[in-house]
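Engineer: What follows is the residue order along each chain.
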Amino acid sequence: MATLFRYEIKRLLRDTRMILIAIVAPLVLIPIIIFVMRAVERSEERRLDDTVYDYVLVGDEAEWGREIVAAALELEANDPDTLRAPVRFQEKQGENVDSLLTAASIHLVVEALSPAAYEAIRAEEAAADGAAAADSSETDSTDDPAEDDQSESGVDGLSDTDAEAELLLPTMRLRYRAQSDFSRNAADRLRSRLDEVRTEVRDSLYRARGFPVAVDQIAAVETENTASAEKEGGAILGLALTPFLILLMLSGGSIMAVDAISGEKERGTLETLLTTAAARADIVAAKQLAIIAVGFTVAVINVLNLAAYFVLGVIDIPDNFAVALSALDLLLLLILFLPLTVLISSSLLLLSGYAKSYKEYQIYFLPLVIVFLMPSLAGAMPSMDLRSAIALVPIAGIGVAVREIMVGEYDWLFMGLAFVSTGAAAWYAATLTERTLSTERLISASDMDEADLLGGPALFPRHVLRWFGVMWVALLLISMWFGDELGLRGQVVVNLGFIFLGSSLLMVRRYGLDPRTAFALRPVHPAVWPAVLLGAPSAYLVGIGLAGLVNTYILPVPQSTLEAFGDALLGDEMPLWELVLLLTIMPAILEELTFRGVLLHGLRKKMGPVGVCLVVGAIFGMFHVSLFRLIPTGFLGVIFAAVVLLTGSVFPAMLWHFANNFIGLLPQHMGWVSEETVLPWWAYATAVVGLAVAMWIIWRVRTPYPDLKKKRPEEYG
Amino acid sequence: MGPDREATDMDETPTTRHPGEEQVMDNSRVRVQSLQKSFWDESRGEVRAVDGIDFDCRPGEIFGLLGANGAGKTTTLRMLSTILKPTGGQAWLNGHSVLDEPEAVRRSLGFFSASTALYPRLTGRETLDFFARINRYPAERVAERVEDLIERFGIKEYAGARVEKLSSGMKQKISIARTIVHDPPVLIFDEPTVGLDIMAALEMQRVIRELREEGKAIIFSTHIMSEAEKLCDRIAIIHQGRILALGTLEEHRQATGQHYLEDIFVHEVMAAERGEDATAGAGASSESDTSP
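Protein sequences appear in the order of chains D and B.
Plus 897 on top of the position in the first sequence (first one is 1) and you've got our numbering.
Plus 1 on top of the position in the second sequence (first one is 1) and you've got our numbering.
No lab work stands behind these hints, which were simulated from the structure alone.
All values reported here derive from a predicted model rather than from experimental measurement.
A virtual CB, placed ideally from N, CA and C, is assigned to each residue, including glycine.
Please note: incorrect hints may appear among the correct ones.
Ranges of calculated distance between the beta carbons of each label pair, as one might list FRET restraints [to be verified]:
(1) L1144/D to I199/B: 52 to 60 Å
(2) E152/B to V921/D: 34 to 42 Å
(3) Q259/B to T1328/D: 49 to 57 Å
(4) R142/B to V1367/D: 29 to 37 Å
Start from the sequences, fold in the hints, and give me the full structure.
Structural biologist: Written out as structure tokens, the structure reads:
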């Protein structure tokens, strides 16, 4: 493998063009772009400062206006406070000011209007604009909605003496063209100066009439940020870190990945490589390592590059920006990014294997980037808390966990969950990748492998997890978007009827499965039935006990969640028969057909019986969408799967499922028990024994599920 | 370069056998039994590219697979090189089962075809070094082996240049050297002369003969009659995934009454297409029994 890796890297390093484009170009181009942009910005600023701005003053209160503007310009010319150089204004004379403004002959039109004239203009405009402008026509309004190219703003009455006659004060309007930097700058500058003049005039009026305090001290508001600069910096950096690194790893790793399989295919070296004694696993591992190495190198180069610009001051650091990361934080970040790195490299390699050529790779690359970036942005969502289902979403969980570490919050359990979920995705992608290289399709399009040859039923095990993935997403989206509107009835119909039953039937049809085999519709030994009737209540109690343990020691469930769930189960105005139908009979039949029927059938050859039980249970648990129901439903899912594997039939699991839900529903519905009901310990002990006895009986009379996984050679060309 | 010493380098005596398979390990290096490969075609359903073929190949023998394009030659050879997985039957190379020990099979095998290209950005010397190592040639002898081959194929002047800069003739030499760099006992040449000019093709034939002298078991597929006639010790005529006839050129002549291989080939194919039992032909070899 070392040889494979060494030569992968060697070949890449000799691809001068690729290196130039991927690494050197950004290093050289980014500073150039930054310098050019800053130069342009500076010269633009200078031009804005140096320009003498031309304005025309019109209106029936022109004299008043000229006075005010003169005061404002006086301030602009002599104000020592300003951080910016003062700009000069110059009054022009002209007729037909609008066309002058449009033709850019002047920068600004200043209108000084008596109240009557102002009202007249407003009414005219309101008529022209329709109702839109009507409600903003109060004299006090400072900003009017912008019109196409001529925006305007009103500066309200800077009045002479009469404080009571507010409505009779003249108004000043500035008209400018927003698309011209100069016109806009002129308006902004003059406007801010006019505001100052207005404040001054107002204050002097107040003082003249004996107002006791300084006006700006009335109802003063001050904001203070209690977060340290480190926390603030961490929060900002935490948002961007994961997507930024993902982007760098993807683009960097891609340099290697594009060549890894699709390049080899295109050059015809893949067949040469595959006919050597190198093990497939070694080839995949070497390629993956190479992708990680290159992706990592590119990421490091770019981060250093960026850091250098910060240090050199090419890019400005926000004021007060600071980040404090301890060695532990860095280690945690590294650990969290590890599965992400593997996931990225596997996905890239998978893409490379899937694409037939460089070109195809490029086409698929963008969607892949989006698939990675979208969840990674979860960390940027303001209300997203790691202590939620987001921890279970690969990539997204890492994004949120990273953000929390950056601000110094450590939620160990959920950090672990985020690691595990992304890790599981990475592991899955890695195994998929290895299989890709064993796929005969790699060699040529017409050469397909065994599954393709045998067609539908043989292809099904390979696709079954994808189907359930899509179903899960559909279920999640529907419950998120329409959960409330659908109500219990609607949800049961949509989830069980459409998603579960519909997809199951689609799968049976699409892969030409025999329904009796796929759904495991087989007769069973009669002794199974009493065993199920014993097992169901026992398992129900064991499940409650298990959930209680989890609730107490690992993951406390908020009381509100429990109550909400209870309420949902009780469904206020529904008659008992309908509840029984919706919550016991339908789930028993449809969920069993879906999970212990089709899903188990698809998985039966992919792993050993224990693996099948665990995976079916886990998936069943995940379909209950709530993190707090994962454990009890997962536990039941495992038991149901075991019963199906032992009896070879889905019917006992249906009965068990029905009995379980019925026990869960009836006593609560009839008010025999409540959330507060506490069972004595011996009840749980008895339940464990009962469950064991039931399973033992089923084991004794077992008629195992046919056609399970047989031991096959792992490595296959 | 002493062929005898070389031949023993990687020559593993077959120790692993597939349990329960009766396998006659006379002295054949390649043994193919009822090998079958089907593909699924959306419109046509199951397509049998290779439909139960049997043959063997001994050390120091060039075994020819002669057939038109699409007859199943490449599919057969890809199954032997473990790139494709048989859907039925079994095959052993150097005593290793293609189903159960694919890596051991590939270690005993040098595979050359028109679609086995070289890495353009490696030099000739690096190419040989790389393939010797990943084929598990003893590391301490790799350098010596590589230099031997560079000498043998007369590629010294350009062994240090990148492959992408070389002419196709030069590339071909490096490609053959690449095929035998780990000194495998079995060599497969899948239409190696396709696209070569006449001189290059003759050079290729010379090298293959030389390898036969060194005791390699060589499987050679072609659709060019004259090549098979000149080169192969035994020839199997393959058509629509089946071996129609198998034997030496002389045996084929006797069985069909035709002199030239071209005529023999046409005779066999026509007979098969007429639905006649064409297997009586080259009776000498027991492996030729492919009657439906």
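Engineer: Taking the hints in turn, state whether each one holds.
Structural biologist: How the hints compare with the structure:
1. L1144/D to I199/B: 52 to 60 Å: holds, 55 Å
2. E152/B to V921/D: 34 to 42 Å: Once the Cβ atoms are compared, 40 Å apart, the range 34 to 42 Å for V921/D and E152/B holds.
3. Q259/B to T1328/D: 49 to 57 Å: Once the Cβ atoms are compared, 55 Å apart, the range 49 to 57 Å for T1328/D and Q259/B holds.
4. R142/B to V1367/D: 29 to 37 Å: Given about 54 Å between the Cβ atoms, the range is violated.
The structure is inconsistent with hint 4 alone, although it conforms to all the rest.
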